[in-house]
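Letter by letter, the chains look like this.
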Amino acid sequence: MALDDRKTQFTFVGTRPDRPDGLDKVTGRAKFGADISAPGMLHGAILRSPHAHARIVKIDTSKAEAHKDVKAVVTRADFAELPFQPGLEGEFWNVLENVMAGEKALYDGHAVAAVAATSALAARDALKLIEVEYEVLPHVTDVDKAMAPDAPVIREGAADYSVPEGMHPNIVRYHESGHGDVEAGFAEADLVIEDSFVTEATHQGYIEPHACLGMLGNDGKGELWCTTQGHWIAQKTCAALLGIETSQLRVTASEIGGGFGGKTTVFIEPVALALSRKANRPVKIVMTRSEVFRATGPTSSASMDIKIGMKKDGTISAAQGVFRLQGGAFPGAPGDMTAMCAFAPYNLTNVSQIGYDVMANRPKQAAYRAPGAPMGAFAVESVIDELCKKLGLDPVDVRLKNAAHEGTKASYGPTYERIGLVETLEAAKAHPHYSAPLKPGQGRGISCGFWFNHGGETSVSLALSEDGSAQLMVGTPDIGGSRASMALMAAEVLGIPYENIRVTIADTATLGYNDVSHGSRVTYASGLATIKAAKHAVEKLCERAAASWGIPADAVKWENGCAIPSGPNAGDFDPRPLADITAHMGQTGGPISGHFEATPEGAGVSFGTHIVDAEVDPETGKTAITRYTVIQDAGKAIHPTYVEGQYQGGAAQGIGWALNEEYVYGDDGRLQNSIFLDYRIPVASDLPMIDTVIVEVPNPGHPFGVRGVGETGIVPPLAAIANAVSHAAGVRMKQLPMSPPRILAALKDNG
Amino acid sequence: MSKFHVSTTVNGDTVEYLCDPRETLLDCLRDKLNLTGAKEGCGTGDCGACSVTVDGRLVCSCLMLGVEADGKQIETVEGIAEGDVLHPLQKKFIEHAALQCGICTPGILVAAKSLLEKNPNPTEEETRYWLAGNLCRCTGYDKIIRAVMETAEELREAS
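Respectively, the protein sequence lines represent chains A and B. Counting from 1 along the first sequence, just add 83 to a position and that's the residue number in the numbering used here. To convert, note that position 97 of the second sequence is 94 in the numbering used here; the numbers rise steadily by one, no gaps.
Calculated directly from the structure, the hints in this document are not laboratory data. Please read these numbers as outputs of a predicted model, since none were measured by experiment. There may be inaccurate statements among the hints.
[Stated by the list, open to error] Computed list of lysine-lysine pairs in DSBU-like fashion (alpha-carbon distance at most 30 Å, straight line):
1) A:K90 / B:K69
2) A:K472 / A:K705
3) A:K228 / A:K473
4) A:K472 / A:K394
5) A:K228 / A:K831
6) A:K211 / B:K0
7) A:K817 / A:K484
8) A:K146 / B:K0
9) B:K88 / A:K114
10) A:K151 / A:K211
11) A:K146 / A:K211
12) A:K211 / A:K228
13) A:K151 / B:K0
14) A:K211 / A:K141
15) A:K211 / B:K29
16) A:K228 / A:K640
17) A:K817 / B:K0
18) A:K390 / A:K472
19) A:K817 / A:K90
20) A:K623 / A:K705
21) B:K69 / A:K361
22) A:K473 / A:K151
23) A:K395 / A:K473
24) B:K88 / A:K151
25) B:K0 / B:K29
26) A:K831 / A:K705
27) A:K831 / A:K472
28) A:K817 / A:K472
29) B:K0 / A:K114
30) A:K473 / A:K484
When you get a sec, could you build the whole thing from the sequences and use the hints?
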């Protein structure tokens, strides 16, 4: 895509106007997933397996069906027959198997049946009338144990071509990459450190549970309202699972109460539609918090071995990592992503990385903000920190010495274009935080982090109104203020005020396919498409002005919201503002709109550097984060306040992951902490203010220079905090979360 | 199971509903009165998204039964603005971008308003502890705390 018209001077972009949905959100008016109802609506509820691994011998639904308040009961038999296929082609099968168990229940919380009844209470009560006979099977929830020769097999034949022969059937994907000769590199090192690290699974922890309202007629036409990061993937998946045509199901995305990657697939939506088809009435399903924890989105847990060699001057001579990720009872753990991201910040001559995707009896992992990257960064950046400590080197200087830059061959293969890692490190070094004195008992940690960022299929339309205002339709659910950014970018091109643009998250019937709001892609890809759609409308505006002046269209240019003659030979005409042209558009050729669709591929990789101070209480093992600074390259911040918000939110989630959050399984394979009281995410009194520095190294792949900012912010915190805690406690912490009992145990082991 | 008739006051309006004794106040507000501003994030009183005041006291409406609301004065997020005039907290939250997804915002506004009514000059620490029962997963609380503290300052200056 030619982007020779890149802008560097802006009128609207970079300002901080109020978000267009602000009023609705502070008054309680905004409609989230559970905030809707329909005439004749039924309420659905889902019965879930209490066993980690069990053969479903028999399901007897007759008593539930006989209950007067129950209008439909569904089991796996009510869904389309999808053939099981190993590999990615089988993802619909995997999702189906996850939303409603087939022959086996594969984890505690796995759906086995569902009912629709006249009230939510009646539906919940009716679940008790369903009788399921289980044959309990041996289970495994730990990643290392799931790879062991004697581990119970979750499913034969789930591995794809990438897995070398002879590995356990629970290993379903294998990734290997790198370059150079690591053995030669280790031989050149003055110090080699090899160590192992473990991270526990965490949940995205969005405050809004999954919720949907579905209606599906026996004519194969349906409507679905749901809280989702991507309604087109919901449309495509639900249609496949129910055996209907994709286009016959119209999906509308509600306001979304947090997703972070966890709402990029479907869980209850196909169930609501199946119940609706059977009952011939709309069905609403809202998950409880416990269902959210037991049956949706955790991250992978990880077990990792890292070996890094360093010379006395800080040069990394070789780096090697093995990353084993457990992703629940389905393929998909991002072992490849972890491996590819782990060493990506560094310019390495010799690097080798291996990633495993391992199945276990846990819920199907879902993406969580830079999926896979935080774990790898934790392991790698901990070893780099230890090398710096042992060699007496400054951790920022060492990272600067090894930092990747434009032209570096990345650890995962490609050659970097213009990137901003060095700029974030220089900003870290210059930041007052880095040189501020520490109190006794405190430690300071730093870490770099990397994420790819993503483009994805994108379709945007913009329609002008007679009064000169504009309606912009985008297909990426707004998960953090993106409507404001879209309006700013459209205003920049059209030259009309930000307030005159109404941005709508269009339903699936309005636009072509739009990839999910994930991969930090929205401001980049929907932004790029918005800019192009606005330019498309501007071309037409110029044509109308040219026609009214009787000059060629290419003799007209667009400036400050007006068509003007573009040179001395074009003639002398008064500028025509946008509203002047649109006022007459009905008589001059009809409505004026702009459209753009593509799969933009210049997302531009992203780097950040975090500085954190931690204080450890040796009596209780409790850690307090006393100061936190996020420095990250945004390319170009469209709405800087919301960019800061992404940085702060990523850091806060990282703090939770580093210090508290974990899935705790009992020996019975059941999740022990499925409510917010026991799965403790950071609360206001746990955190300090989170300082931010927005570095802007423009992305050559976006007309305004945007790089996505949503995900990179969660990559450095685990490592930065582990480094800070390790310095404060005087002992290297190798397992997350660094909860008080683990810190006390580490202090005790250290004498 | 027979239902109970409840008569109560919500945001100054007299309202009535029939509820099952197992239904929470939150269920009744959302499903019977169509006041969906209060959200159910957990149903166990841990997230605060359902915060309302009952006779002036801040509560999680998911921890109170619908039948217990009889004869009480209930205030929800829908009652914070006076007509089309937003409460200073609401204005400040928009101005500071103190929300990203906005699901926790109704509960946080109700809780913050309650704080400022009790303590017009809270320290940062007091603000953080008062709001510790309101989970936000998007913002890291930074902009929320700043918005509340700045509103408090403006309200003090105005009074």
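Verification of the hints:
1. The suggested pairing of A:K90 with B:K69 is violated, with an alpha-carbon distance near 59 Å, which exceeds 30 Å.
2. Proposed proximity of A:K472 and A:K705 is supported: the alpha carbons are some 24 Å apart, at most 30 Å.
3. Using a Cα cut-off of 30 Å, the hinted pair A:K228 and A:K473 is violated, with the two alpha carbons roughly 33 Å apart.
4. Between A:K472 and A:K394 the CA atoms are separated by roughly 13 Å; this keeps the pair inside 30 Å, and the hint holds.
5. For the given pair, A:K228 sits about 27 Å from A:K831 by alpha-carbon distance, which is consistent with the 30 Å threshold.
6. At most 30 Å may separate the alpha-carbon atoms for a hinted pair to count; A:K211 and B:K0 meet this at roughly 22 Å.
7. Pair hint A:K817 plus A:K484 holds up; C-alpha atoms about 25 Å apart against a cutoff of 30 Å.
8. The suggested pairing of A:K146 with B:K0 holds, with an alpha-carbon distance near 25 Å, which does not exceed 30 Å.
9. Pair hint B:K88 plus A:K114 holds up; C-alpha atoms about 20 Å apart against a cutoff of 30 Å.
10. Between A:K151 and A:K211 the CA atoms are separated by roughly 15 Å; this keeps the pair inside 30 Å, and the hint holds.
11. At most 30 Å may separate the alpha-carbon atoms for a hinted pair to count; A:K146 and A:K211 meet this at roughly 9 Å.
12. Distance check on the hinted pair: A:K211 and A:K228 sit about 34 Å apart at the alpha-carbon level, beyond 30 Å; violated.
13. Taken as a hint, the A:K151 and B:K0 pair is honoured in the structure, with Cα atoms around 18 Å apart against an allowance of 30 Å.
14. Proposed proximity of A:K211 and A:K141 is supported: the alpha carbons are some 15 Å apart, at most 30 Å.
15. For the suggested pair A:K211 and B:K29, the alpha carbons sit about 25 Å apart, so the restraint of at most 30 Å is met.
16. With a C-alpha separation of about 66 Å, the suggested pair A:K228 and A:K640 falls outside the 30 Å cut-off, and the hint is violated.
17. Between A:K817 and B:K0 the alpha-carbon distance is near 56 Å, which puts this suggested pair outside the 30 Å criterion.
18. For a cut-off of 30 Å, the pair hint linking A:K390 to A:K472 stands: about 16 Å separates their Cα positions.
19. Distance hint between A:K817 and A:K90 is unfulfilled; the C-alpha atoms sit about 46 Å from each other, more than 30 Å.
20. Our distance criterion of 30 Å between C-alpha atoms is broken by A:K623 and A:K705, whose separation comes to about 63 Å.
21. For the hint linking B:K69 to A:K361, the alpha-carbon distance of about 42 Å lies beyond 30 Å, and the restraint is violated.
22. Our distance criterion of 30 Å between C-alpha atoms is broken by A:K473 and A:K151, whose separation comes to about 72 Å.
23. For the given pair, A:K395 sits about 10 Å from A:K473 by alpha-carbon distance, which is consistent with the 30 Å threshold.
24. Distance check on the hinted pair: B:K88 and A:K151 sit about 49 Å apart at the alpha-carbon level, beyond 30 Å; violated.
25. A threshold of 30 Å between alpha carbons decides the hint, and for B:K0 with B:K29 the separation of about 13 Å falls inside it, so the pair holds.
26. In summary, the hint linking A:K831 to A:K705 is supported, as the alpha carbons are separated by about 14 Å, within the 30 Å threshold.
27. Of the supplied pair hints, the one linking A:K831 and A:K472 holds, its CA atoms being roughly 22 Å apart against a limit of 30 Å.
28. Proposed proximity of A:K817 and A:K472 is supported: the alpha carbons are some 16 Å apart, at most 30 Å.
29. Of the supplied pair hints, the one linking B:K0 and A:K114 holds, its CA atoms being roughly 28 Å apart against a limit of 30 Å.
30. Between A:K473 and A:K484 the CA atoms are separated by roughly 17 Å; this keeps the pair inside 30 Å, and the hint holds.
In this structure, the hints that do not hold are numbers 1, 3, 12, 16, 17, 19, 20, 21, 22, 24, in rising order.
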